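This is what each chain is made of:
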Amino acid sequence: MSARSLATILAAFAFATAPLAAQGEGISRAFELERRGEYVAAADAYRAVLRASPAEVAALLGLERVLVPLNRPGDLLPEVRAAVAANPTSSVVYGIALRAWAAVDQPDSVRAVAERWAALSPGDEAPYREWGAAALSRRDHQGAVEAYRRGRARLQRPDALAAEMAQVATAEGRYTDALSEWLVAVRRLPGYRLSAEAGLAQAPPSARPELLRALRQEDELVASRMEAELRVRWGDPAGGLDALVAALPADRRLTVEALLGLIDQLRTLQSAEGRLALARGLEELANRSVDSERPRLRLEAARAYTAAGNREAARRMLSGLADDRRAPGAVAAGASAALVQVLIGEGRLDEAAGRLAETGPALSRDEIESLRLRLIGGWLKAGNLSKADSALGADSTVEALALAGKIRLFQGDIAGAVERLKRAGPYAGDREDATSRTALLAMLQPIERDSLPALGRAMLQLEQGDTSQAIVALAEVAHDLPAGRGGAELSFLAGRLAAAGGNAGDAEHLLRAAADSEAPGTAPAAELALGELLLAHDRPSDAIAQLEHLILTYPESALVPQARRRLDQIRGAVPKT
Amino acid sequence: MKRRQFLVQGGAGLIGLSPAMSLAELRLGAPWLLVPMDDAQSDHLKAYGLAFRLLSRGGRAEWLLNYRGGAFLMPADTATVRDAALTGVTTESLDDSQVVGIRGQLQNGNMDAVPLEKAPKVAVYAPPNAAPWDDAVTMVLNYAGVKFEKVWDAEVLGSKLSTYDWLHLHHEDFTGQYSKFFLNYAGSAWLLEMVERNREMAKQLGYRSVPAEKRAVAVAIARYVERGGFLFAMCTATETLDLALAADGVDIAAAYADGTPMDPGASAKMRWDEALAFQNAALELSPTVAVYSDIDGHQVNSPERRQQLGSFTLFSFSAKIDPVATMLVQNHRQVIPDFYGLTTSFMRKTLKPSITVLADEPGAPWVKYIHGEHGQGTWTFFGGHDPEDPQHQIGDVPTDLSLHPHSPGYRLILNNVLFPAAKKKELKT
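Protein chains in written order, with our numbering: chain A, 399 to 975; chain B, 355 to 783.
Heads up, a few of these hints could be off.
[As the list claims (entries may be wrong)] Derived EDC-like pairs: lysine to aspartate or glutamate, alpha-carbon spacing no greater than 16 Å straight-line: (1) B/Lys703 x B/Glu715; (2) A/Lys779 x A/Glu861; (3) A/Lys974 x B/Glu628; (4) A/Lys779 x A/Glu744; (5) A/Lys974 x B/Asp754; (6) B/Lys623 x B/Asp602.
FYI, nobody ran anything at the bench for these hints, they're computed from the structure. The model shown is predicted, which means the values in this text are computed figures rather than measured ones.
Could you build the full structure based on these sequences and the hints that come with them?
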């Protein structure tokens, strides 16, 4: 090649690439303007690119985007027309064109674009999907359904656009129709299952039995999975698990996949029923898993059973696992720790102590410390205060100080309890522990007496779950103390316990005793609780009077805004939330 | 007593306003309560309720126009002090000498004191089963604690309307076209119920169609104003009331509403002399476009015509010369974010020359808040649906006004509620 011809070629190349480079710069500038929120300038920049290259999809999409915040989506039409003329075979361009016509509410033009697009892509669902979406953007459900039906007819595929049809049916509240379509869609593309469930989950309670019945009739795993997962969403986790287990196939891969799907959903539930269903699901999964996976799943199931309060099942899961030499070390140690927790929960404290001493070396220092404190908590709850105290020893960690404070309290040593609880501060345990310890401290601090064994016994009864006896005992102690010296605080606690237990008469009596002006720190809270109690027992006039009394008597109290809001709600001045 | 005479009497005159004081009240110390309406106020909206309930108990108050955001002066009686404490309304105790000092300030600036004498009897025009949370006025009356009663077509066409001082209209469509939701929301249960209820009412009252019956209601409302009533309307009620009034003998309703299509020449046949606020508007002829005419500047339901929201500015008026307009714009904010409604704003070109513009968007071809007289009464139109929910959609959660106790937009509504309480013979605008 001669030097001259090479120069000619290079020059030609330079001429050809110059517009491309300029175009690249133009689109970059448009993107930058859009990113900075300068939509008018961005629109101009995109238009400049489109003038040079009318079918430039990035610029066309950019212009479509920026015209939305400018509230001028209809201004896209000239560019759309030019793009279609320049590239009459581009699906992307047709999609943009269709949305542009929809934005200016021109259904005939939308239809014409969709038909032209469909003619170019005979086997494609996209033209009909976009056509339907355009109708939906105008809230024209009927138009959308017609677009999808036309698509099915043209494509000659009864399963085409099923998810879209289902979504329209869901939006219109036709849940049975939606289910039929979703089943078609999920059979074709299993990934639709979660979308289907999310849509069907919106069905009102009255429509649910019919949907579940229809799913049961299908007699296939996909329907059973939907039934199970919908039941969980609708608050019946046990029923969901039963439905799935009954339909599990012999194929282990399918079984594990289905169980894992449901277990993931059950993990999100915080209710006791949810936790129990999770534990059962994990057990089912463990039973169907390979040997190497089984110990881990049994341990997890045991923990879930413990959290659900079913210690017997937890023990069943753990039986043999803690001592199983074949189980991985971490699993065996975890099982031992779980077993100690189960034993503590069952009150078999000596056995738990023995197990902890035995397996301690296999556990981490933190695990041992955590289990030791749980064990002390167990002795405390059992009323074995001396053993708890001696086990605690001279431990001065904040966790130990919190327990020591409780031990002193149950022994009736109020001064000792206050001193230790103060030192524990807000650091021990989780947030809930810290809050309850602060409340306990606030209750004890006004009491001037250093020793009150009767209060210790009452608080121990409460710890042991004997609430009714605790209420009586607390009320008696409160009666012997001046309101401003702890009596009001104890009455308030007893009143709240009685209210929570449904004993409205005692609760009202005790809360009124707590609402004593000699205890200005407690009285507003007692009055607010009394107002809530009266309201809960259909006495709005009395509740209003009580809340008004609170506001007028304690105008500086932090509870006044809450009392005012409650009054507003009772009177219908604000919506109930 | 003339208003001027009343004002110059200062503190001494106020003793005449105060109810008899009990020993308990005297123990309260200062005899007067100032309810500041500037940024010192903790709940602007409930402050209006405080004033309203004082008037309802037979007490009297004064509205200190342009003084501390439109403050109220009240006697510090036990009931009012208690009410303020319960509702969380900020008050400041004043003695007579401090009140005299305030009066001096009022005299020397663009301020004035308007006596509030009698709580107006308030009616809200709404269907019997209307959701209480879809109407800004109902919401704010409930929140402030202003008593009201609901009326609907039977009461308006009967004689009950004349027993009220103040009537509020919200998103009623007086053209009888169900807010033109008919096509977009076809099949929705709430729309079917609305249509059925309106058809039943029209039939019960002996009208051939809903549009015919709604026009009769609009005419009855106009007569109520003519005879001295106070009318306050928001959202689409503003525009459609005037369209219905002007459509004397003209079919402006689509076929789905009355069985016959709209008269294609309707715009030219409208009788604007029968309307309250608007004139020379062009009607929207398409039944599928949820727009009535070019009165509304924002056209929220027409994507290609919809205008973006800006903010509107309240006008300043001379408190001593224009007390009515001044009352209606009392606020602690002059510039307020705009909010959509089926009718959001009013195009300047469609306003009758006699009306008073209370707020507009500077530079825009539309205004937001207008007022005028009709016969012996007055009307006020405020565009938009919910001042604290600018993009309100059907089915949105209700606005909780306890989260917006300082809402300047809602204050404008409450200015209108108290306005009829002002001593009428003193007013001049």
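Hint by hint, here is what the structure shows:
Proposed proximity of B/Lys703 and B/Glu715 is supported: the alpha carbons are some 14 Å apart, at most 16 Å. Proximity of A/Lys779 to A/Glu861 is assessed by CA-CA distance (about 6 Å); at most 16 Å being required, the pair is judged to hold. For the proposed pair A/Lys974 and B/Glu628, the alpha carbon gap of about 43 Å is over 16 Å, so the pair is violated. This hinted pair checks out: A/Lys779 and A/Glu744 have alpha carbons roughly 12 Å apart, not beyond 16 Å.
Annotation: proposed proximity of A/Lys974 to B/Asp754 holds, straight-line Cα distance about 9 Å (limit 16 Å). For the suggested pair B/Lys623 and B/Asp602, the alpha carbons sit about 9 Å apart, so the restraint of at most 16 Å is met.
In summary, the structure is inconsistent with hint 3 from the numbered list given earlier, while agreeing with all the others.
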